[in-house]
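Undergrad: In case you want the letters, here they are:
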Amino acid sequence: MRGLDLHSVTIRAADAPLFAPLTLTVPRSTVTTIVGPSGIGKSTLMDFIGGHLARGFTASGSVILDGRDVTRLPAEVRRIGIMFQDAALFPHLSVGDNLAFGLASHVRGRVARRDAIEVALKQAGLAGFAERDPATLSGGQRARVALMRTLLAEPCALLLDEPFSKLDPDLRGDLRRFVFDHIRDRDIPVLMVTHDEADAAAAGGPVIPLGG
Amino acid sequence: MTATEGRTLRLIVLALVAGGLVLPILAGLWETARAAFGVLPAIGATDWSLEPWHRLFALPGFGTSLTLTLWTGFASTALALALAVGFAAAMYDRFGVKGGARLLTPFLATPHAALAIGLAFLIAPSGWIARLISPWATGWALPPDVATVNDPMGLALILGLLVKEVPFFLLVILAALSQLPVRRHLSAGRALGYGRGVVWIKVILPQLYPLIRLPVYVVLSFALSVVDIAIILGPSNPPVLSVAVTRWFLAADTSLILPASAAALLQSAVVIGGIALWRGAERLCAVLGRIWTRRGGRGVSAEPGLMAAGGAVVVLMGLGALALVSLLIWSLAWRWSFPNALPESWSLKAWMRPGSGWDAALENTLIIGIATTTVSVALAIAWLEGEDRARLPRAGWAEALIYLPLLVPQIAFLYGLQVVFLRAGISGGMIAVIWAQALFVFPYVMIALSDPWRALDPRLLRAAAALGAGPVRRLLAVKLPILLRPIMTAAAIGFAVSVAQYLPTLFMGSGRIATLTTEAVTLSSGSDRRVTGVYAVLQAALPFVAYLTALALPAFLHRHRAGLRGGAV
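Those protein sequence lines, which keep their order, are chains A and B. The first sequence lines up with residues 5 to 216 when you count with the numbering used here. The second sequence lines up with residues 2 to 570 when you count with the numbering used here.
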């Protein structure tokens, strides 16, 4: 039973449900896309799955990851990575240290850790960027660093929250290819929410409309 | 036209700040330094020498005083900062910035001396806590013989400083957190497998600290050089350095003035060195923290630590609140023998006793407070208006200038300033006290008013200008009325700071001008808690009245103006 399952998930903001109960299986090695108009609660759904639901929301239903019910677990032990639309790189750390923050702690020793980070930077086409201040990166570079940081933590599932919406249209295609290439060979379930039909088409997996 | 007018205004403000604020501090430091090296013509000392320093080092208790100062200053600041950060981390989701600020105001408004006296009433062996738990829990029929106040380790002093500093840090931290994407970074960190507490330490704190660095230095400087709390709660023999210096300055033996000046100079060296040391520790923490972060460990849960810090802060706040209540109870008590939890008989006699003279002290406090606040608010408005007209952001040196009186220890220049005032013929009067207090009131007024002033919607002023209103009319008819609420709040803060001043009043008034604070501190070492309670209650009540006025007046004047209610501040 490996994969990510949602069982009749509903989220309420001040007693009004945001969408009809959602049941869904996200298989491994594919990108499943949830599409829907802005404001329907797609990001809130992501928050719920990841364990980041803000105060003021109540949710019911359950999240099953690899056969384990994680609904009541704190975010940090769920092993569900998230890529946010604005990258959320930490401004006080260099690019390399942002990746070190993500890199799983079982990679031990200074040299081994530095090598792992260099490899990840190379894969992102950012070799030699370790000492850079994240604020000096372009939007596309920030997004690639954010994906690498997420993957270095070795998540068991990945959530993509409108990952391309803040980018210029001509960059979007490049980054889509980069993101999907990197996660397809990971053998983990990936769930993306977007309001852009082109994202769903590029992901090439099942598409589930939410609300509307 | 506007440009030259702006320039004139700015020149006037600059002259006032330089002549009224910076010059007195520098002149005071200079005179103190001269006396520290043997030159004080007023007592016939005219030869440069190191003699004052030799005498200082030989004074009984000097080494212990210095050690106590460093211990209480660093311990209280570090602990207050850790507790405040921990509390903020544990409670962040539960408190909005506004609600938190409202909760903290009573603690910030209460003058140090009143809070310290209340705390002494609370934790003394014969204090309220001992009475509440005796004899049923402790078996005490008499107050136990332990020093819980004025203990030689300075623990009571540290507790008093914590009660005062933690709320200040919390306010500063809440304001700084509102500028950071805390929620997003918490989510990002936790999605990478880090616990909430670890994310706070590794991600939020490094971004938060640079925003609160200056207030941390202000608190450290305050804790290393505070006098009034240290007299009330601190070790008595030997006391911390600042109290020892005050005693030497005021001693009947005038030859002690020279070593006292040397010690005052040393006091500023302690503060400067202390801040430098703190800065070094910051760097070290940053380096170690970076290495720790790079290792990527998720394992250590800091959650229990955060909860403990949160609990400790709640206890501190509770102690502070009880301290204020105990002031009131004692001022109304008549017969109250030891282990009873409450007085057996109540009386207004302490309030009505003619000899206690609180009416004169209240009058002095009011006159000085109102005068100081008026001068400071007027100067602050002139300064901000000058910045507006010049369309210039505030220069770094100007910001430093505002913080200068808060960073330099009072004791380091007040005696020297008294020498200067004496020469100018204004020592020992109200003018001298008002001037000296304004040095410390102005910075707080300025800090409180700057942000709301800059937040004023510039379109309103452009609209006024387009309708033909000149700069003066824009100031009087648009800015001041719209900014009435923050101006009143800044004034209330200034008034509270003025009421709390101890050392400037004591030194500049040459001991002849009694305010509620000077009287309360003097009485605190005496035995009649009822009379002390009266002074401390009045001292604590005045800032509250000022804050209530600051809330009520704009609310009343703007009662038909929904757009001005609760907006700016």
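Because the hints were derived from the structure by calculation, they are not lab data. Predicted, not measured: the structure shown is a model, and the values here were computed from it. The reader is advised that the hints may include incorrect statements.
What the hints assert, rightly or not - Which stretches of chain A does chain B cover? Using the computed rule of at least three CB atoms under 8 Å from a CB of chain B, they are:
id, stretch
1, 38-51
2, 54-63
3, 83-89
4, 103-117
5, 122-128
Stated by the list, open to error - Not close to chain B: a few residues of chain A, all C-beta gaps over 10 Å, as computed:
id, residue
6, Asp174
7, Arg181
8, Asp191
Unchecked claim - Some chain B residues judged to face chain A by a derived CB distance under 10 Å, without partners named:
id, residue
9, Ser179
10, Pro182
11, Val199
12, Arg299
13, Lys350
Note that the Cβ used here is the ideal one computed from N, Cα and C, for glycine as well.
Undergrad: Mind listing which of the numbered hints don't hold for this structure, in increasing order?
TA: 1, 5, 9 and 13
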